[in-house]
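Asks: Chain residues, written in single-letter form:
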Amino acid sequence: MNFDFSDDQKLLKDQARKFLTEKCTTKTVRKVFEGSDGYDATLWKQIADMGWMGTAIPEEHGGLGLGYLELCVIAEELGRALAPVPFSSTVYLFAEAIMIAGSDEQKAKYLPKIAAGELIGCFARSEGPGAVTPKSTRAAFKGGTLTGKKLAVSDGMDADFAVVLARSSDEPGERGLQLCVVDLKGKGVARRAQDSIDPSRKHAEFTFNGAAAEALGKPGEGWSNTSQVLDRAAVMTAFEQVGGADACLVMAKDYAMQRYAFGRLIASYQAIKHKLADMYVNTELARSNAYYGAWALSTGARELPLAAAAARVSATQAFDYASKENTQTHGGIGFTWEMDCHLFYKRSRDLALNLGPQRTWKDKLVTELELSNAA
Amino acid sequence: MNFDFSDDQKLLKDQARKFLTEKCTTKTVRKVFEGSDGYDATLWKQIADMGWMGTAIPEEHGGLGLGYLELCVIAEELGRALAPVPFSSTVYLFAEAIMIAGSDEQKAKYLPKIAAGELIGCFARSEGPGAVTPKSTRAAFKGGTLTGKKLAVSDGMDADFAVVLARSSDEPGERGLQLCVVDLKGKGVARRAQDSIDPSRKHAEFTFNGAAAEALGKPGEGWSNTSQVLDRAAVMTAFEQVGGADACLVMAKDYAMQRYAFGRLIASYQAIKHKLADMYVNTELARSNAYYGAWALSTGARELPLAAAAARVSATQAFDYASKENTQTHGGIGFTWEMDCHLFYKRSRDLALNLGPQRTWKDKLVTELELSNAA
Amino acid sequence: MDFEDTPEEAAFRAEANKWLSANAKLRGAKKSADDMAEMENGAAAEMAASKAWQKKKAEAGYARITWPKGQGGIGGTPMQSIIFGQEEAKYDVASGGPFAIGLGMCIPTLMAYGDEAAKKRYVWPAVCGDEIWCQLFSEPAGGSDVAGLRTKAERDGDEWVINGQKIWTTGAQFSDYGILLTRTDPNVPKHKGLTMFYIDMHDPAVEVRPIKQASGGSGFNEVFFTNLRVKDSQRLGEVGQGWQVALTTLMHERLAVGGGQGGGLDEKALMGLARTLELEDGPAIKNASVRERLADWYVRSAGLKYTTYRTMTALSQGKQPGPEASIAKIVVAAKLQDLAAFAMELEGEVGALKGDDAPAAGAFQMGWMSAPGLRIAGGTDEILRNIIAERVLGLPQDVRVDKDVPFNKMPTGR
Amino acid sequence: MDFEDTPEEAAFRAEANKWLSANAKLRGAKKSADDMAEMENGAAAEMAASKAWQKKKAEAGYARITWPKGQGGIGGTPMQSIIFGQEEAKYDVASGGPFAIGLGMCIPTLMAYGDEAAKKRYVWPAVCGDEIWCQLFSEPAGGSDVAGLRTKAERDGDEWVINGQKIWTTGAQFSDYGILLTRTDPNVPKHKGLTMFYIDMHDPAVEVRPIKQASGGSGFNEVFFTNLRVKDSQRLGEVGQGWQVALTTLMHERLAVGGGQGGGLDEKALMGLARTLELEDGPAIKNASVRERLADWYVRSAGLKYTTYRTMTALSQGKQPGPEASIAKIVVAAKLQDLAAFAMELEGEVGALKGDDAPAAGAFQMGWMSAPGLRIAGGTDEILRNIIAERVLGLPQDVRVDKDVPFNKMPTGR
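Listed in order, the protein sequences are those of chains A, B, C and D.
First residue of the first sequence: 965, per the numbering used here; consecutive thereafter.
First residue of the second sequence: 965, per the numbering used here; consecutive thereafter.
First residue of the third sequence: 33, per the numbering used here; consecutive thereafter.
First residue of the fourth sequence: 33, per the numbering used here; consecutive thereafter.
Simulated from the structure, these hints should not be mistaken for laboratory data.
Fair warning: this is a prediction, and the values are worked out from it, not measured in the lab.
Incorrect hints may appear among the rest.
[What the hints assert, rightly or not] Pairs of lysine to any residue, SDA-like flavour, derived with a Cα cap of 20 Å:
hint, chain 1, residue 1, chain 2, residue 2
1, D, K441, B, Y1224
2, B, K1099, D, K441
3, B, K974, C, Y341
4, C, K435, A, G1227
5, B, K1113, B, S1067
6, C, K87, C, W156
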């Protein structure tokens, strides 16, 4: 039994935490949160210099060729620090889409640039409110051009390229779907910044009007390719969420241990103690589910879809609770703009919605349970 | 604005409480709970002498001709006392079914006996686990005879007559349903006692094999008649549930105010204080919803289906929480057979399932909201 | 059991309506273009409109119905106040919001503890809207624990010199006066060393700074006092009796805060959203999980509504409503947070947007961002549960280690 | 990260399996008719089988793997204990349940505080299953507050005379010995006046009465002492040091209780039920609200399962697992109560039945009836949250008013 990260992986994590504690304070986060920049370019450059974007990219494509476990420990620290960089869009989504569905040519074209920090990518699925389904996907990819709209694309204003889920044939349902890659600086692409609840993760609306696009993966496989990308991204995002939840627990605890009310530390009141105990319980369960997701991801286990869904649901719930109750523990001061509580509260919701809501993942989880019970 | 019971109604309530405090202690309840009798015949007789069964039955049919508000205040006290009598089966269900769907002849035949406490009735719907739907209703009422099975009928072993939901024609769905009345002492009726979680409310399985039955209401109206009966019963049961929840709150509070742990009354710990505060909040909300249900019931308002569903859902949640957390407040001793906590815990669940589960009522509630918004 | 007025109530309602229709227009279904333009004249114009409407009401005795004639009232009943409020809500009139704290809390305190000269000077200008008051109690060191305050008042002849800071002061930026709770003796237990004053908010020794909230808004302020000098005649109550005076004020606060919050973002709004969205398995409104939550939240809203009716009935019968009103905010705040988050999940990835980019013009996002504040302002969830436990159910207070300790000997972590 | 044994662990697993297959049969999918008949011989036969199997294990060093050779162990690691347990579970062997408390808590206490003669006399008979021990701490006056106990031990020459009552004593009805915490000095603060003894449960001065639980079962007992005389040599630890001794015992209890409870009634069982039921809108398994709950409960079960794996990994690496194990019972008990209630609602009116009359042979009803006990036994939800807050997160204890007060001056309400 060795259900833990290796010493090397732990060392990497410690280094990442140390680096981010120094270089990515909440002051760094606020510069993006309160400003118009989509990300912190200095931080992005530093991260690139350390090779983080290439952690799971094979060496032949310019990556470090380490693996997903290494990427997971970095993800946890990025989540803890609320790092304002397009890491998840570029690494968990865009790069994984290329690795899953890309041709050798495409891998050679995109992956080295990602690993070098020279390419920001994103992934575009939603076209409106409600569920993303084969039916809701109307953007049309035909004859090497893309036409249609995509909304709420994370890091969309800063991305160089987008992977887009689109309809490439008249086949019904998911059989008509295919992924494609679009150069966002090309003709026929209009982008508009959209206001988001967490402005440290900016979003964009894309309007494609006959934009040049290249196929990524086969026709009819767009939906299943997307599912695979989302499974992988869900595991890594779960680590970001666990990192965020853990940060909230630490903040709440630290505050409760120095704030007095009625002559006592507020940490001595059961209402606070039990709230923090619940935060701890949720976060530990989420961490354990995330570990299992990491194992499944790193070994390519066929349990990945179930493990990813469980990690996603558990981590979303943990971060949601921890960020809410961290604010509550702080009382009035916790609801001011100057305190950092709301940065976590807003990030928790952004991460909960990006990649699709809990409902969708829960339904998927149960579908996987049904399949595994039937097997 | 007069959203309260009248002084006369409050007086009736006080009298009922006083009577039940004296005559229906938990010792009385335990006699039925732990014994084989289906109800306490002495208590039933005393209640009959006071005319409670006839509270809402018109004077022309031997009742007191008071009204539903009066019946609601009695229901709250019966619920608080966990009265082990077939009151709800006979009065809320059987009598109401006769009043809603019965012919003048049928009213004259059954209502005076009910009012006099000489007839115990019940209402039989379920034929198996899962939802009761037109589709799940297979018992066949044809040519004056009934054939089929009904399960989990409250007070079924002691009832003289049953109203039964059955299929009377080959019309599909609810159009094929009709209510009928069966003399349970007649031929072709077999009954078997079923074990229940709350043995102070005993349940029975009925097997009808060509039993003589008379139609109650028109063919095709069985489902809508049942809905009407359930709406009325839901309001009165909500009062029983509020009474039960209130009793749990009082028990929990009294215990917390005399039990010491670590040198302090347990009532001084926030974990207990906040638990009791939540019980109070839930119970007050439930009471207010029940009042609205009572108003709708007593005035025959068209809001009754919505009001009944809201009263039902709210009261079920309040009693569920109060009975669970009353046990928890008592700690180990609360989980012993000798303490009364479990009597409330079990009754709360019995009331939650009888008349159908929350899920069904919630769905109905939203359907009513949709209709009222559309109107 | 009915929802009808008593004959007296009906008569009062008719009278109120007569006056309202003579002095205001019924609220139309939609604002006209003119009205919209008017509103955009901004805060100053709004405030002027509020003051004008307040004066009209005060002169007619509708501004504070339960107060005596000539002081903005008619010596009426609490039920008459409610009836007037119900009718007023049907008319297109300016908000009475700016006066709520002054008239709901500060002036009653002044009426209870001020001298005749002060009452004569301040009551009418406040009730007629000419002067606005705020309440200066909370401090950074003590949110829930109001009596833990540190703002110092030191005697200097016939004056007091005040230094310190208040926080969460609603309306300080447009207030003319305020009632201010200070510490005058740090050597006695904390509740015993307090003294109450009223002060001029325009004094240059008073500095008001708005607080930016996590939701982006700025409803509250910090207020700083640097050698603010007030006359001893501005003292309310005896020296060292400030806590008793404050309790009078706070008792009025509980009645003033209460329910009704949540910005109208309830299950009806969610139902509206659910009707427009498609989920994986069809229309959101048909989804069992959505329907279950709609029902859960509806029974809580409806339960609160009918609890208010019960309270109004008690008032109508001349009874004093109890602290049951505390339940409203606990229920509403938690529901708002959950409901808004759930709505955003229904919206999907697009739910992470806000403002006009989000569905329903970002109403659910706004509700979700303001909910944490609602769970805290006017008493945290935890404090309110304590209040219900102690004042409604009669359970003991939390163990108090601060009752008999001199204030300056109390642990504070600083 | 993997789920594989280290080479050493794999070797031990193989060895354990070799021994097990030589001494027991693999557990079949179904019990044979013969086995069933055997089981119906009842409790006495079951106990005999348990004792026989325990002896075999003790002789082979598998009864208490971490204990020294010759005392039922092999001086092994905690991980080896777990591995043996995993392998043993695959075989059709009698339960080790009757020995869990004695070997998990009582004997370790005796080993720490008993004299050589006592160790020599009691350890082997306990480990080989000949003698069963129980733990006599809890009293009616103090469930969560163990140190508030009142059972009195008074010195009489070389003996002590004990009077009082214990409660919630698991296994008292078949125990041969027990460790007993008593109050020897009521004039000092409560933690300081306690003394620990071990006693003979067959002494006629000891009376055991089973407690009927709300679920109908009787797993616990009350134990009464009427002038029970014990020798001073049966004292464990110094006079007045009983609390320190008890802490040793309780530390072992936390490790022994932990997770795994809930009777296997989990989301898999619910899923099985949901596959068989029709709701208003079709099969229950397709209902969005059912699916949502299945997922909610699954992630909690899975989270616990993988938390256990993390703990085992720590053990495997020779680390001491922390009090994180406390989370299991909080999670499992609440889940059981909610899940069982939800299942009953799916069953509809028929869910109010129990036993064979209910679907799934009443499994959900039984779970629902036992859940309140699980939320209390071995530490209430509230006490466990306190433990997590204090021991894991390092938050302060609740305000203690009982620390320095003589026991007989403490308020008790009696």
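Asks: A separate judgement is required for each hint: does it hold in the structure or not?
Replies: Structure-based check of all given hints:
no. : hint              : verdict
1   : D:K441 - B:Y1224  : holds (13 Å)
2   : B:K1099 - D:K441  : violated (69 Å)
3   : B:K974 - C:Y341   : holds (18 Å)
4   : C:K435 - A:G1227  : holds (9 Å)
5   : B:K1113 - B:S1067 : violated (26 Å)
6   : C:K87 - C:W156    : holds (10 Å)
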